[in-house]
Amino acid sequence: MRYLVKRAQNDDEEAFIELIERSKQGMYKVAKSYLHCEEDVADAMQETILACYEKIRTLKEPDYFQTWMIRILINRCKDILKKNKELRLLDDYPERPFMEEMQVNLEFEELLESVGEKYKTILVLYYVEGFNTREIAGLLDMNEHTVKTRLARGRDKFRKEYMRSDEIIKECNLKKTGYSQASSS
Amino acid sequence: MSKQYNNEEISRILCQDLIFSRTINDRLDETYALIRANARQIREGSAENSHRRVRKMGRRKIGRRLGLAAAVMVLLAAASLAVVAAGGFFVKNSSQTGDSMTYEFKIDYTLVPKKFEAKPSYLPEGYKEWQKGKYEKDEYARISIRTVNMDLMDSNSGEFDCVGVESVTTDILGGMDADIVQLKENKMSYHPFDKRIYLFNPDKGYAIALYGTDLVEMGELKKVADSLIVTETEEDISYTSEELKKIRQQRMEEENKKSMAANEAGVPADAVTPMGEEAGMVNAQGTEISDGVKYKVMEVIHADSISELPDLEEKYFIDYEDNSWWIREDGTLKPQGRVKADSWPLTGDEEIEQVQQKYLLVRVRAKNNSDSLKMAQGGLFAYLLRQEEDGHYSFMDNTVHKQVEVDNIQMESRPFYFDGAENIEGEARSDFYYYYLEPGEEKEYTLIWAVDEDVIDNVCLMVDYNGMYEPGCYDNKRFMSIK
Chain H
1 MRYLVKRAQN DDEEAFIELI ERSKQGMYKV AKSYLHCEED VADAMQETIL
51 ACYEKIRTLK EPDYFQTWMI RILINRCKDI LKKNKELRLL DDYPERPFME
101 EMQVNLEFEE LLESVGEKYK TILVLYYVEG FNTREIAGLL DMNEHTVKTR
151 LARGRDKFRK EYMRSDEIIK ECNLKKTGYS QASSS
Chain F
1 MSKQYNNEEI SRILCQDLIF SRTINDRLDE TYALIRANAR QIREGSAENS
51 HRRVRKMGRR KIGRRLGLAA AVMVLLAAAS LAVVAAGGFF VKNSSQTGDS
101 MTYEFKIDYT LVPKKFEAKP SYLPEGYKEW QKGKYEKDEY ARISIRTVNM
151 DLMDSNSGEF DCVGVESVTT DILGGMDADI VQLKENKMSY HPFDKRIYLF
201 NPDKGYAIAL YGTDLVEMGE LKKVADSLIV TETEEDISYT SEELKKIRQQ
251 RMEEENKKSM AANEAGVPAD AVTPMGEEAG MVNAQGTEIS DGVKYKVMEV
301 IHADSISELP DLEEKYFIDY EDNSWWIRED GTLKPQGRVK ADSWPLTGDE
351 EIEQVQQKYL LVRVRAKNNS DSLKMAQGGL FAYLLRQEED GHYSFMDNTV
401 HKQVEVDNIQ MESRPFYFDG AENIEGEARS DFYYYYLEPG EEKEYTLIWA
451 VDEDVIDNVC LMVDYNGMYE PGCYDNKRFM SIK
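Chains H and F, in that order, give the protein sequences.
Taking the UniProt record's numbering as reference, the numbering of the first sequence is continuous, increasing by one, and the terminal residue is 185.
Taking the UniProt record's numbering as reference, the numbering of the second sequence is continuous, increasing by one, and the terminal residue is 483.
None of these hints come from the bench; they were simulated from the model.
Among the clues, some could well be false.
[Unchecked claim] With a straight-line Cα cutoff of 30 Å, these simulated DSS-like cross-link-like pairs (lysine-lysine) come out:
1) F:Lys245 x H:Lys78
2) H:Lys24 x F:Lys443
3) F:Lys443 x H:Lys148
The whole structure should be built from the sequences, with the hints applied where relevant.
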């Protein structure tokens, strides 16, 4: 990735686009931890990509590209949250329904929603982007101790929700087969 | 019995690849096309599309931003043509002026296009797909294949434009009209994508763009193009509505105006702390974080030779082996190559001037004024500001430091030497500039940069964690004067 960053800084737009292609999953997940509407997520991602494209020469250490980009994305997401009512636009793009392949998205979104606003971005930055607690503190302008606490609490809530949803699925499956069994706590 | 869940399961759910909606995919495609169009605009410096220069050159950021707006306007103007093509989805018009190629498409909007996907049935030896549409033998030998469906062709006709063209030939490949483009050697880019093959299928309503780096032979790229398998999907394509195009254009223009205004404003005088006074980090609103670490410049030395500086230790260089290449036997710094932005946009043919550098040594004291452990930043960022008569500071980022294929001693703004570093062993060096201060603790240390001798008096230090700084936009940062 360092090599791609350097090429991008040397006006190689294809290298820059490759950088974004490699990063887009993480970007999407971080944006989804802030924003609910796909159009808003698309806005945040587009604005971030364009901002990174403009400013990539100012990035002095290529190894910090990911941190730098995520920071920009988080700021964009916060801007959109603030201005949501003004910038929400009518769009005649119908959102097509997805088939089974979207189950993976539903699983991700439902569990993230279940842990609450305070925790989800931290979880995504930790697990998806691989940042450590110090880096997350820097990205979110938080005290590192706060990050560690929320990470632990978020994991705990996550486990409980996952356990609950898994047991509900089991209960449903048991009922389908004609058996019933009290769920265990 | 309770089930035990561990971090692997949490990680699995969060880390699995998500499926992007069409909204996201379309937006990504649009963004990439804008970037490609802008790159073309910058390389050819097309005056007819330019509000891009309303000021003197040297504002790389503004140039790119305005270039993007200009590109969007050109693309939108092209897309508003609604001409019935004879028996096809589009009519292609291409023209070459000097070493620039431009493409225009007249689209039949009465026909409903489908989505197509192209995949190669032949790849040169050793190439493998590493991502959808991208194939590589190694990090330098690469091929990209991109299917341009009608919606993308409509919104981003600049997709195919290119500058620096050495030769264009035509052929029939895969049963389609093909433009085979060889770009000139680009000295400013390392192993660039210098080959392109464009395939056009107006009957079915798609085009395909293949890109190859300089390590890919054109003959091989032609074979790939000739062997593509193109699949028609069931998915219909929708063109972007005129209303949405206008809204996006308006938004782009508003952003540009905002950026230009920020650039004009520069840095206010009260954002630059005089030497000898304390400065701390600021939040996004520009308010100093009172419960944090404060920094103070204690001493500044300009030196021609390392022998004029206090004894330095290898372990406190960011990368001693790399850094020492820059230091001559007599202790002076080697000059670095610099291209002035007066010649913007860069074509790769600019003369690189050799500029002598000096050592800039700054002694800094950091103090934790809070009652809890705090992380501090040793790698303060050195930027060039020029103070104007009314006291505010203008941005001076008007040159591109470029030593072809060799990095500078530092990445331009962070010091190459920091003797307060605590993370100096093994992998911990990735946190080289960061350290912790106990409540009330003070720490003094030395930072050293290499600065072009003709601008060394314009250096100001920025107090920030990550150096996210736009040249040309103040962005509420805090600076410290060192004179």
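- Task: Would you mind confirming whether the straight-line C-alpha gap from Lys443 of chain F to Lys148 of chain H stays at or under 30 Å?
- Result: holds (26 Å)
### Task
Starting from Lys245 of chain F, check that the Cα of Lys78 of chain H is at most 30 Å away, please.
holds (25 Å)
**Request:** Below or equal to 30 Å on CA atoms is what counts here, so check Lys24 of chain H against Lys443 of chain F.
**Result:** violated (40 Å)
In terms of the numbered hints stated before, the structure departs from hint 2 and from no other.
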